[in-house]
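Mapped onto mature numbering (1 follows the signal peptide of the UniProt record, and there is no 0), the consecutive letters of the sequence shown carry residue numbers -23 to -1, 1 to 475.
It is worth saying that the hints were derived from the structure and are not from the lab. Virtual Cβ for every residue (Gly too), placed ideally from N, Cα, C. Please note: incorrect hints may appear among the correct ones.
Stated by the list, open to error - Derived DEER-like restraints, expressed as beta-carbon distance ranges:
(1) Arg170 / Glu58: 17 to 25 Å
(2) Phe278 / Lys47: 39 to 47 Å
(3) Arg334 / Ala102: 23 to 31 Å
Unchecked claim - Cut-off 27 Å, straight-line C-alpha distance, at most; resulting in silico cross-link-like pairs (DSS-like, lysine-lysine):
(4) Lys120 / Lys283
(5) Lys47 / Lys270
(6) Lys47 / Lys120
(7) Lys275 / Lys252
(8) Lys351 / Lys270
(9) Lys270 / Lys49
(10) Lys252 / Lys351
(11) Lys120 / Lys275
(12) Lys270 / Lys252
(13) Lys157 / Lys49
(14) Lys250 / Lys351
(15) Lys275 / Lys351
(16) Lys283 / Lys270
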Amino acid sequence: MRLFSRPRAVATALLVMLHHCLSGPIMHGPSNLRSSPSSSKAADIELRFGLASRLASSVGARAVRIGAGKPKSGLIAFVSEQWTDDAEPRPLVRRACNLPFIVNSFIVLHGQHRDPHRSYRAIKAAVGRRRDCLIIAPGFFTKVDPMSRAAELVWDFRPRNEADWEAKWQSGHDASTGAKRVSAFDVLDHLLRRLVLSGTYPNLERITFSGHSAGAGMLARYSYLGGAEAALGAATGRRVRIRYVLANAPSNLYFSDDRPIDWSMHAKAAKDKCKTLHTWRYQIHGDVPRYVKAGLTKDRFEEWAKMDIVRLSGDEDVHHEMDTGDQSCAAQAQGGMNRHDRNLAYWAYQNALAGTRMDLSPYLPKENLDTLQKNLESRRVDHFRHRFSIVPGVGHDCHDMFNSPLGISALFDEEFVSGPPPAVPPPGAKLVVAYDALMSTRPQPSGFFAKLMHGLGEFFKKLFGRHEHRRPASHTPDPPPLKAKRANIERERYPMPG
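Using the sequences and the hints given, assemble the complete structure.
Printed below as a string of structure tokens:
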């Protein structure tokens, strides 16, 4: 009875309960039917962002919303504890991490599965216990991704069964939702300006872009357009070095119609059947996205050749199933059915086009190399700064690539030296691909029973088969244990700052 002896308290409690029932989101019972569409959408956004936060926590990161400098240009990124947001000051983090001592920043790009938490975890393992490093892993989600509902910038995605499938985010196309005229490349530009010009990290010395698989393919295009240098053009008085580390890129950007395979018999037919062979993403030609068009200049190749770019290719990244990664005819034309052979061929193409004196015979069969050098018009650049190394004993694995001795050297060493050429050149049969095999895709079964049997076959193949097709043991010597190498490097070469 003491409850009713305080009528004012009872009335206040009832008003509070009524306010929550009418205005707050109700998480149980049939009252959900009374919630407005806007509140339901807001609740769904928070639910999706909560999913991102849980993923971030599982890898030692935190999920934040970053933008591209425009309204409605937000997306989700996984960042390390050193990140500060102007809209969300974190004074405790400032004192704990001593932000003036942040000297390295890593912007890591995910692959086609759009899993920035895995990319973050790979770089975090390479960084180890160093506190002078900031890690940022933005997520470029498509409409089919659950976390896309928590982002304002979302990209279209063409299904893989189309001949010219591609994820728009990695090609520099504008997002299909959110602010207009904003591409993933614009997001990277804004991140650079924010890191350098905000004053939060006054002693920042180097920004390293790293990407694996489709992320490496995206960096291959972005680096050529010079967006990073243009974004830092206003940072007068600051010398911030930029490096690009590309690991296991599925395809690369070509600057001419030449390809490192023998097109002498099928060039005309290939042009007719492979519609994407000489189009953007595989070559600078034809219709290009808005951002790309603005970045193309006459002397861009010479400037790009001087940039600090490191390419890595795992010698066991030879998985050549048609349902993995970019297996379009335009991608296979760059060197064969697997990523490793394509990257070997592209290194030969780069050097031949730049007019270097490097011996390219280990990277291409003689007949292919002779044809390429005969038809290619060299541009003879003064300085070619790109480097390329083969990572022994590693396949298509982001974590193993960046945590290998060569991967850590590419991320941290001031001067990275190209590794030795392959012990055995790639077989010509993988480069001089038969026309029918190159231009056709795996036939799709028709009929319910045929589709059912095909699906069961693929299921058991993935269940019991090998996911990585390895070269013969004689191709490369057995690599040393990577974990022991990693521990020695962390203790001896990269001590914690005092």
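Against the structure, the hints:
no. : hint                        : result
1   : Arg170 / Glu58: 17 to 25 Å  : holds, 22 Å
2   : Phe278 / Lys47: 39 to 47 Å  : violated, 31 Å
3   : Arg334 / Ala102: 23 to 31 Å : violated, 38 Å
4   : Lys120 / Lys283             : violated, 37 Å
5   : Lys47 / Lys270              : holds, 21 Å
6   : Lys47 / Lys120              : holds, 21 Å
7   : Lys275 / Lys252             : holds, 26 Å
8   : Lys351 / Lys270             : violated, 30 Å
9   : Lys270 / Lys49              : holds, 24 Å
10  : Lys252 / Lys351             : holds, 25 Å
11  : Lys120 / Lys275             : violated, 36 Å
12  : Lys270 / Lys252             : holds, 21 Å
13  : Lys157 / Lys49              : holds, 9 Å
14  : Lys250 / Lys351             : holds, 25 Å
15  : Lys275 / Lys351             : holds, 24 Å
16  : Lys283 / Lys270             : holds, 21 Å
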